[in-house]
Amino acid sequence: MTAAQFEARVAANTRLGGGYFSLELEAEEPTPVAAARPGQFVMLRGAWGRELLNPRAFSVLHAEGKRLTILAKAYGQGTRRMWALRPGEPMTVTGPLGVGFPDPDPEITDLLVAGGVGLPPLHMQARVAAAAGLAGKQELFYGGRDREDLVLLADFERWGVAATLATEDGSVGVRGYVTTALAPRLEQARAAGERVRVLSCGPTPMLVAVRQIGLAHEVQTLLCLEENMACGFGVCLGCAVPVHGVKPYRYCCTDGPVFDARELRWP
Amino acid sequence: MSGAPRTSGPALVPGLLPHTVELGCEFGPLLLKSPLLAASGCFAYGQQFAAFTDLRALGGLSTKGISPLPRHGNPLPRICETAAGMLNSIGLENVGVEAFVRDKLPFLRDLGISVWVNFFGTDFATYIECARLLGGAPGVDVLEMNISCPNIKQGGIEFGTVPEVAHRLTRACVEVSGAPIVVKLTPNAGDIVGMADAVRQAGAMGVSLINTITGMAIDVRSRRPRIATTYGGLSGPAIKPIALRMVHQVATALPGLPICGMGGVLSGEDALEFLMAGAGCVQIGTANFAEPGAVQRITAELRALMAELGLRRVADAVASLRPWPLEAAYQTPAAGEFST
Ligand SMILES: Cc1cc2nc3c(=O)[nH]c(=O)nc-3n(C[C@H](O)[C@H](O)[C@H](O)COP(=O)(O)O)c2cc1C
Ligand code: FES
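Chains Y and R supply the protein sequences, listed in that same order. Per the numbering used here, the very first residue in the first sequence carries number 1; after that it's consecutive. Per the numbering used here, the very first residue in the second sequence carries number 1; after that it's consecutive.
Keep in mind that the hints were calculated from the coordinates and are not lab data. It is possible that some hints are incorrect.
In silico contact screen, one side only, chain Y against chain R (beta carbon under 8 Å); selected entries [claimed, not checked]:
1. A3
2. F6
3. A11
4. N13
5. R45
6. E51
7. N228
8. A230
9. C231
10. F233
11. V235
12. C236
13. A240
14. H244
15. R250
Residues of chain R clear of chain Y, computed beta-carbon distances all greater than 10 Å [as the list claims (entries may be wrong)]:
16. A44
17. H72
18. L76
19. E81
20. E93
21. F107
22. E158
23. H167
24. R168
25. R224
26. P225
27. P255
28. E291
29. P325
Label pairs and their in silico Cβ distance ranges [to be verified]:
30. Y/E148 with R/V220: 48 to 54 Å
31. R/A315 with Y/V99: 56 to 62 Å
32. Y/P248 with R/P14: 53 to 59 Å
A virtual CB, placed ideally from N, CA and C, is assigned to each residue, including glycine.
Put together the whole structure using the sequences plus the hints.
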């Protein structure tokens, strides 16, 4: 589906605690974003005048017909403004952009490793799988700082997707990083001859750890990255990602945001 | 506006219908469909925009800067947002002359708009090589020679800041190029008029100004510069007043030299400011990132604004700035002349 830029209005802005909010937008007509795959993203910009020039990239959490929803955390200047948006306020949307995760596969178990605000692509992957009767082939590993950092858990429960939780303060699930739970699970899969792959999205230090664990276990590991983006459609060349190969860089917005861990020139 | 001073200048005929405004205009030997072009580095090689906008509505476009050999660009992070603008240090990444002429140029040639190929080298020899190869390629209307090179380390700075060096470089490129050369100047030059004059005398058809202004931003939490090369080029509305001033200085000092103005244009009004300051055409850069249809929207706004102001043709607007009156009443009294 080719991307388009269109105007939308805020249909709902739901605060989820911990600075998280889900923002639902509605356009006048059905939008191409409805065809978005897990991992694909949109660029959003509000009526921000001249001070905040560039749009912000958000993974699509959900999209259907005229509506699309993203999950964000009030953090920088753009997201703080979005946090305060009220129904009816305008937003310019460009999308769907990028290349997402592969479809759920009945033969393979997807280990979805999410950190904080990196949940949306994995949330969508689980939903797509559940709709195809493959909820049993999805397992969530979700980590955050504290209880408030883990959102939308009820959805996974409703779909019947098993979840392993981790918080740094130990308030929910195991204490520590979510990646500590990943290695034992991969060993278990190896012992049982079970086919698994790792799909992950979250803060870069977490992705670095996920990549190392995935590579060490020789399991396909797909990482959904976040880079500074000015355009989102391959023209500013700002979102370079270091890779192995003939060229030292590929582009997060057009070649990604999903990259194979083996390809990345990372620690 | 009632108290605004009125001096000379064409009488305004306010309230024309937009369709009576003629945007087609001359720029040196060129005939442009519109004075608004997309700026180098902000429009890639054009293709990506076809999905979003009617490229034929553009007056033209300037490509990403081309060098003789492909370049991979700088380490990341390469960009960051700043107040009313952004910093970039892309490192002039491009596909190189050969791939450009083979893979990118045919698409641009077929659009029927003015094709400006932005180019640069790393030394005299590579500049000349580029000018020869690109200046002879069919479909190239202008070679826009980037002598700013803010993101090239060695010696690049001299090309854009020492008039004598810029003169020699321009002359050498003009001699081998089959297409007219417009030299893109850097605001980091101390004497912008001296630079413009130097390249004019060397045979440049015109000048483009301004390129980005060297700047910096810091992330206090990590204590790191926000872009990997520490300094980067600032673009966007933040630089518009500086760009306008430079266009005006060059236009005033060197009347008759075609100027392509740019820096922070986001609206038809911004574009008209550049025309009034003395630019014959205007490029739009950073605005394209947030809005791939920016040039088309700004063109419609310019047309409507010109109609409102009674400006029938682009030439009516170019360098049409009115001076403030010099009547005694408006002057600041000399010290001691005014007492209470
Ligand atoms: C990401 C980026 C890349 C650029 N690349 C080039 C380039 O390759 N060659 C060049 O002459 N100017 C380049 N420029 C400068 C622009 O063409 C323009 O001169 C400048 O950004 C000011 O205009 P603006 O404020 O409308 O963006 C680049 C600007 C940006 C933001
Ligand atoms: S964000 Fe502009 S090229 Fe990727």
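To see whether the hints hold, each was checked on the structure:
{"no.": "1", "hint": "A3", "verdict": "holds, 6 Å"}
{"no.": "2", "hint": "F6", "verdict": "violated, 10 Å"}
{"no.": "3", "hint": "A11", "verdict": "violated, 22 Å"}
{"no.": "4", "hint": "N13", "verdict": "violated, 21 Å"}
{"no.": "5", "hint": "R45", "verdict": "holds, 6 Å"}
{"no.": "6", "hint": "E51", "verdict": "holds, 5 Å"}
{"no.": "7", "hint": "N228", "verdict": "holds, 5 Å"}
{"no.": "8", "hint": "A230", "verdict": "holds, 4 Å"}
{"no.": "9", "hint": "C231", "verdict": "holds, 4 Å"}
{"no.": "10", "hint": "F233", "verdict": "holds, 5 Å"}
{"no.": "11", "hint": "V235", "verdict": "holds, 4 Å"}
{"no.": "12", "hint": "C236", "verdict": "holds, 6 Å"}
{"no.": "13", "hint": "A240", "verdict": "holds, 5 Å"}
{"no.": "14", "hint": "H244", "verdict": "violated, 13 Å"}
{"no.": "15", "hint": "R250", "verdict": "violated, 11 Å"}
{"no.": "16", "hint": "A44", "verdict": "violated, 4 Å"}
{"no.": "17", "hint": "H72", "verdict": "violated, 5 Å"}
{"no.": "18", "hint": "L76", "verdict": "violated, 5 Å"}
{"no.": "19", "hint": "E81", "verdict": "violated, 5 Å"}
{"no.": "20", "hint": "E93", "verdict": "violated, 5 Å"}
{"no.": "21", "hint": "F107", "verdict": "holds, 14 Å"}
{"no.": "22", "hint": "E158", "verdict": "holds, 26 Å"}
{"no.": "23", "hint": "H167", "verdict": "holds, 31 Å"}
{"no.": "24", "hint": "R168", "verdict": "holds, 31 Å"}
{"no.": "25", "hint": "R224", "verdict": "holds, 13 Å"}
{"no.": "26", "hint": "P225", "verdict": "holds, 13 Å"}
{"no.": "27", "hint": "P255", "verdict": "holds, 31 Å"}
{"no.": "28", "hint": "E291", "verdict": "violated, 7 Å"}
{"no.": "29", "hint": "P325", "verdict": "holds, 31 Å"}
{"no.": "30", "hint": "Y/E148 with R/V220: 48 to 54 Å", "verdict": "violated, 25 Å"}
{"no.": "31", "hint": "R/A315 with Y/V99: 56 to 62 Å", "verdict": "violated, 48 Å"}
{"no.": "32", "hint": "Y/P248 with R/P14: 53 to 59 Å", "verdict": "holds, 56 Å"}
Hint check: violations occur at hints 2, 3, 4, 14, 15, 16, 17, 18, 19, 20, 28, 30 and 31; the rest are consistent with the structure.
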